[in-house]
Structures are given as C-alpha cells and as structure tokens.
Amino acid sequence: MTLFPTSGFSWSRPSAVRRTPGWLAQSCMVVLVLAGLTLNSVRPASATESAQQFVNTLAEKALAIVQADATPTENRAEFSKILDSFFDMRGIAQFLAGRYWRGASEADQEAYFKAFHTSIVNTYTSRFGDYSGQKLNVTGSREDGRFVLVNSEIVAPGGQTQAVKVDWRLLPTDGDFKVVDVVIEGVSMSVTQRQEYTALIQSKGGELAALTEALDQKNSRMK
Amino acid sequence: MRRSIAAAIIGLGLLGGCSAPGSLEQGEVYDPLEVPNRLIFAVNETLDIFILQPTAYVYRTVIPDPVRDMVAGFLGWIATPVILANDAFQGDWDGAGITAQRFVANAPLFGLVDNATGLGLKAQNEDFGQTLGHYGTGDGPYLMLPVLGPSNARDGIGKVVDYFLDPTRYIGDEDVNQKFQIGRRVMEAVDFRARNFDAINDLRESSVDYYARVRSIYKQRRDALIRDGEPGSIGASSPKSNGKEFEGYPGKSTEQTSSRASSD
Chain Z
8 MTLFPTSGFS WSRPSAVRRT PGWLAQSCMV VLVLAGLTLN SVRPASATES AQQFVNTLAE
68 KALAIVQADA TPTENRAEFS KILDSFFDMR GIAQFLAGRY WRGASEADQE AYFKAFHTSI
128 VNTYTSRFGD YSGQKLNVTG SREDGRFVLV NSEIVAPGGQ TQAVKVDWRL LPTDGDFKVV
188 DVVIEGVSMS VTQRQEYTAL IQSKGGELAA LTEALDQKNS RMK
Chain F
-17 MRRSIAAAII GLGLLGGCSA PGSLEQGEVY DPLEVPNRLI FAVNETLDIF ILQPTAYVYR
43 TVIPDPVRDM VAGFLGWIAT PVILANDAFQ GDWDGAGITA QRFVANAPLF GLVDNATGLG
103 LKAQNEDFGQ TLGHYGTGDG PYLMLPVLGP SNARDGIGKV VDYFLDPTRY IGDEDVNQKF
163 QIGRRVMEAV DFRARNFDAI NDLRESSVDY YARVRSIYKQ RRDALIRDGE PGSIGASSPK
223 SNGKEFEGYP GKSTEQTSSR ASSD
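Chains as they are written, first to last, in the numbering used here: chain Z, 8 to 230; chain F, -17 to 246.
Read the hints as simulated data drawn from the structure, not as lab findings. Worth double-checking, as some hints may not be accurate.
Restraint-style ranges between C-beta atoms, simulated for each label pair [what the hints assert, rightly or not]:
| id | chain 1 | residue 1 | chain 2 | residue 2 | range |
| --- | --- | --- | --- | --- | --- |
| 1 | Z | 142 | F | 178 | 18 to 28 Å |
| 2 | Z | 136 | F | 233 | 48 to 58 Å |
| 3 | F | 183 | Z | 117 | 44 to 54 Å |
| 4 | Z | 84 | F | 79 | 48 to 58 Å |
| 5 | F | 128 | Z | 88 | 22 to 32 Å |
Subject to a maximum C-alpha distance of 20 Å in a straight line, what follows is the list of computed DMTMM-like cross-link-like pairs (lysine to aspartate or glutamate) [claimed, not checked]:
| id | chain 1 | residue 1 | chain 2 | residue 2 |
| --- | --- | --- | --- | --- |
| 6 | Z | 225 | F | 74 |
| 7 | Z | 142 | Z | 223 |
| 8 | Z | 68 | Z | 91 |
| 9 | Z | 68 | Z | 85 |
| 10 | F | 104 | F | 187 |
| 11 | Z | 68 | Z | 151 |
| 12 | Z | 225 | F | 144 |
| 13 | Z | 142 | Z | 214 |
| 14 | Z | 142 | Z | 117 |
| 15 | F | 226 | Z | 192 |
| 16 | Z | 121 | Z | 223 |
| 17 | F | 104 | F | 74 |
| 18 | F | 226 | Z | 223 |
| 19 | F | 104 | Z | 214 |
| 20 | Z | 121 | Z | 220 |
| 21 | F | 226 | F | 7 |
| 22 | Z | 121 | Z | 91 |
| 23 | Z | 211 | F | 51 |
| 24 | F | 104 | Z | 160 |
| 25 | F | 226 | F | 205 |
| 26 | Z | 211 | F | 16 |
| 27 | F | 104 | F | 76 |
| 28 | Z | 211 | F | 74 |
| 29 | F | 161 | F | 180 |
| 30 | Z | 225 | F | 187 |
| 31 | F | 226 | Z | 85 |
| 32 | Z | 225 | F | 51 |
| 33 | Z | 88 | Z | 117 |
| 34 | Z | 121 | Z | 137 |
| 35 | Z | 225 | Z | 67 |
| 36 | Z | 142 | Z | 192 |
| 37 | Z | 225 | Z | 214 |
| 38 | Z | 121 | Z | 160 |
| 39 | F | 141 | F | 184 |
Since the structure is predicted, the reported quantities are computational estimates derived from the model, not experimental observations. Glycine residues also receive a C-beta, built at the ideal position from the N, C-alpha and C atoms.
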C-alpha cells in the first residue's frame, strides 16, 4: 500500500505554507529520479519525516498567532486560516457527527459544519491568553494504516513541570497532510468530541440539527 | 456509610462482569446506569461550583506557589506505598524501583521537597484499578460516584482495595487517623482542582454535553494509564494505537474531500 498514490512527492505543500525553495525541490526531484528503483523503499521513511516537518510548521504558525499582539477578531480570523489549511475540517466534522451525518440533508450538514467550525475557533482562541512560553518538540513518527502518527511534547520554559505528550494523527492528501486528530496525554480530541456530539444528538431525538442548535447557542454565548 | 458504598460498588462490579456490553461502537463507553449517573453528576457539579471551585480559587490565590508545591509533595509522598504495591502487583519492577527510591529520597522532609524528580525518578501513576486492567479486567459499567467523581466498576473496586492497602491508615490513634485521612483526601481534591482550575472550567464551558465529554475523557485516560503505565504513549511509541476508532474516518473515496480547504 502506498501512501501517495498520485503525487509521490510528500514535501510539496500548498502555496500558502510552502517553505522549501523551488530550486531545492527541483534538485531533490533530480536526486529522486536518479535514485529510480529505490524510490519505493525510501518512500515510507520520507513520508513520516515530512509529516514531522508538517507538525513543526503548524506549531510555528500557531505560535506566531498566539504571540502576536492582536485583537480577538484578528486572532479568530488568523486561527481560522490555520485550521482550514492544516486540519481536515470537513472530514473531522463528518467523523464527529458519527452515524447521524448520513441521515441529514445537505443544508443541515452545511449548517452543522459552520457551527462546528465557529465553535472550534472560539474554543481555542479563547485560550490564547494561557500561553506562557511553552515549546513543541517533535519526538517521533510512524505510519498507522492510512494515517501517519507524529509524536511531540510540549515543554514548559523552565523545564520544571512535566512535559505534556501530544500526538498528531495526520491524513496524507495529495503530497501534503491534514490533521485529523490531536491526542493529549492519551486523550483523543476527535474521539472525545465524537462521543459528546453523538450523545447529545441521541438524547435530542437523533437529528443532526439538534447538535447545530446546541453549538450555535454555545457560540453566541462565547462571543 | 463507607462500607455500604463499598458493598454497592462491588455488587455493581459483579453485575458488570456478567453482562458483557454488546453493541458498543468503537470508543463508546458502556454506561447502562446513565440516568442515575447523570443525576449524581449534576449533584457533583453543584458541589464543585459552590464548594470545591471557590475553595480551590482561594487556595491558589492566597497560598504562594512554593507552599502549594510542598503540600502537593507531601500528598504525593504519603501516596507512594500504594503506588509501590501496585507497581509490584503488575510485575513492573523498574517502576517499583523508581517508586521505592522516590519514597526514600523524599523521606527526610516527608515529601515537602521533591528531590526525587530532580534525580530523574519520575513519579509513577499506579492504582489497583490499573492493576486489574493490566491483567485484562474490563471496565465494567461506567459509574459516577457521589463526591469522588467519574469511575467504573473496575476502578471502583480498585479504589476500595487501595483504601485497605494503604499503610498510612494503620498508623496511630484510629480517631485521629480518620480525621487525617479525610483531610488528606480533601486536600488532594483542592490541590487537583487548583492545578487544573482553568482547564476544567474551559472543558465545562466549551462543551455541549459535559457529562458525555467527561465520560469519554475518563475512559481514554484510564486506558492510556493501563496500557503503558505511562500516559500519552498512545501514538508512535506504543505498538497499539487507538486507530480502530478511525476506521470509519471519511476518506477520499467519499464525496467529502478536504482539498478545497487549502485553496488560499
């Protein structure tokens, strides 16, 4: 099973987040073409390596926003951009709705997606104030089915308090990655949220619209 | 009172052992007692909002950082014998060694100053619920315990066993000791709430079904603790991941793809 059936070049990124200079990518391509037959055997290693690079880039971008002296509205806009380019927001939204996704109309799905997106932005931007100089170190990675898992640690500046382990579940997409899940000290954000969302929908009669309503209420209160 | 709670927990535990959770989705928590659990959860929440949270707030505002560290250190130190026993029960001799060394290294000042962590002896997190889990005992039904919070049949039994295992219970005058034990548990709760003050409030405020959120977090956290004796090794460092939950993750084959998200 290959991870990149279409592109084969795992470091090419969407233009917004490109960090590799063009000439470098080109010379790498030449090397790869020369490497020819060994390409298949080196691909898995480079896939997880570029996954690590992806998480590093994401951390840098996020840190830049958190440290910027911006208004809450600006923060929300910037954070929203990061979410859209680094996270598989549509896939996550669908995953969190569980079996209730399919039964909903397209309009209901879209309304839910909007409410979900806003709630994620609100929840995380409201915590920007908690930041006090922590750093993220990538510590390893491996493939897991069609995903790549990247391990990292968040370390406090003094190094006094224990590091917090954060694992990233990435979905390879056309030579790039999208975050599907973040696991903090063994607790998966996506699994937790899925359990919460489906429990709420279940208790409110099994309609996706009930979740949308609850999220909208939450969102208007958090503004 | 305590006895009857213990008996109830064990009784429920036996029940749970018999009835296997049948049609659970991947990652779902077996919660046949959801209605009473939610009721108890609501009571616990009220207690938190009116008693524990304000107390924790005053505690962390009034008491300086180093003093709170000493309190936490002392509470941790007197908890080490139970951790040591469970390290041993699980055959984790490395962990047992570390726990024993921690106990000795921190003994001169009763744990008030934590020298052990600086010596590379990281605090272990073990209890009898984890020991049972280590040997393959399932969770059993999810339980919301009054005052004590989220648990399940296995961990409830674990709590009872840990209670009797604890050597600090058998020291000195029984009356005085009982007061000490209560004070200790109260301080543990206040310390925990104070250290996680904003995190817990955020968790509550941002949720649409706080009960369901706590239930899922509790299970995942316990699973992670049982799996490796060390939290957070769910990913690449552990051969077992929670990847099964993601088997149903929407893929490129479905109508929803993610490529449009990066169009800027």
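Here's how the hints hold up against the structure:
1. Z:142 x F:178: 18 to 28 Å: Cβ of residue 142 of chain Z to Cβ of residue 178 of chain F: about 21 Å, so the range 18 to 28 Å holds.
2. Z:136 x F:233: 48 to 58 Å: Violated: the Cβ-Cβ distance is about 37 Å, outside 48 to 58 Å.
3. F:183 x Z:117: 44 to 54 Å: Between residue 183 of chain F and residue 117 of chain Z, where Cβ atoms are some 32 Å apart, the hint is violated.
4. Z:84 x F:79: 48 to 58 Å: holds (53 Å)
5. F:128 x Z:88: 22 to 32 Å: Check failed, 46 Å falls outside 22 to 32 Å.
6. Z:225 x F:74: Answer violated: residue 225 of chain Z to residue 74 of chain F is near 45 Å, above 20 Å.
7. Z:142 x Z:223: Violated, at roughly 33 Å.
8. Z:68 x Z:91: holds (13 Å)
9. Z:68 x Z:85: Since the Cα atoms of residue 68 of chain Z and residue 85 of chain Z sit roughly 10 Å apart, the hinted pair holds (cutoff 20 Å).
10. F:104 x F:187: Not OK: residue 104 of chain F and residue 187 of chain F at ~33 Å, beyond 20 Å, violated.
11. Z:68 x Z:151: Since the Cα atoms of residue 68 of chain Z and residue 151 of chain Z sit roughly 26 Å apart, the hinted pair is violated (cutoff 20 Å).
12. Z:225 x F:144: violated (40 Å)
13. Z:142 x Z:214: Roughly 41 Å separates the two Cα atoms, so the pair is violated.
14. Z:142 x Z:117: violated (36 Å)
15. F:226 x Z:192: Given that 20 Å is the threshold and the Cα spacing comes to 18 Å, the pair holds.
16. Z:121 x Z:223: holds (9 Å)
17. F:104 x F:74: holds (14 Å)
18. F:226 x Z:223: At roughly 31 Å apart (the allowed maximum being 20 Å), residue 223 of chain Z and residue 226 of chain F break the hint.
19. F:104 x Z:214: violated (47 Å)
20. Z:121 x Z:220: Measuring from Cα to Cα gives roughly 11 Å; hence the hint holds.
21. F:226 x F:7: holds (11 Å)
22. Z:121 x Z:91: holds (12 Å)
23. Z:211 x F:51: violated (45 Å)
24. F:104 x Z:160: holds (16 Å)
25. F:226 x F:205: holds (14 Å)
26. Z:211 x F:16: holds (15 Å)
27. F:104 x F:76: Holds, because 11 Å separates the two Cα atoms, which is no more than 20 Å.
28. Z:211 x F:74: Since the Cα atoms of residue 211 of chain Z and residue 74 of chain F sit roughly 46 Å apart, the hinted pair is violated (cutoff 20 Å).
29. F:161 x F:180: With Cα atoms ~30 Å apart, residue 161 of chain F and residue 180 of chain F exceed 20 Å; violated.
30. Z:225 x F:187: Since the Cα atoms of residue 225 of chain Z and residue 187 of chain F sit roughly 8 Å apart, the hinted pair holds (cutoff 20 Å).
31. F:226 x Z:85: Given pair residue 226 of chain F, residue 85 of chain Z is violated - Cα atoms ~33 Å apart, limit 20 Å.
32. Z:225 x F:51: The hint is violated at about 36 Å.
33. Z:88 x Z:117: holds (18 Å)
34. Z:121 x Z:137: This hinted pair is violated, its Cα atoms lying about 26 Å apart.
35. Z:225 x Z:67: Status violated; Cα separation ~29 Å.
36. Z:142 x Z:192: holds (16 Å)
37. Z:225 x Z:214: At roughly 18 Å apart (the allowed maximum being 20 Å), residue 214 of chain Z and residue 225 of chain Z satisfy the hint.
38. Z:121 x Z:160: violated (31 Å)
39. F:141 x F:184: violated (28 Å)
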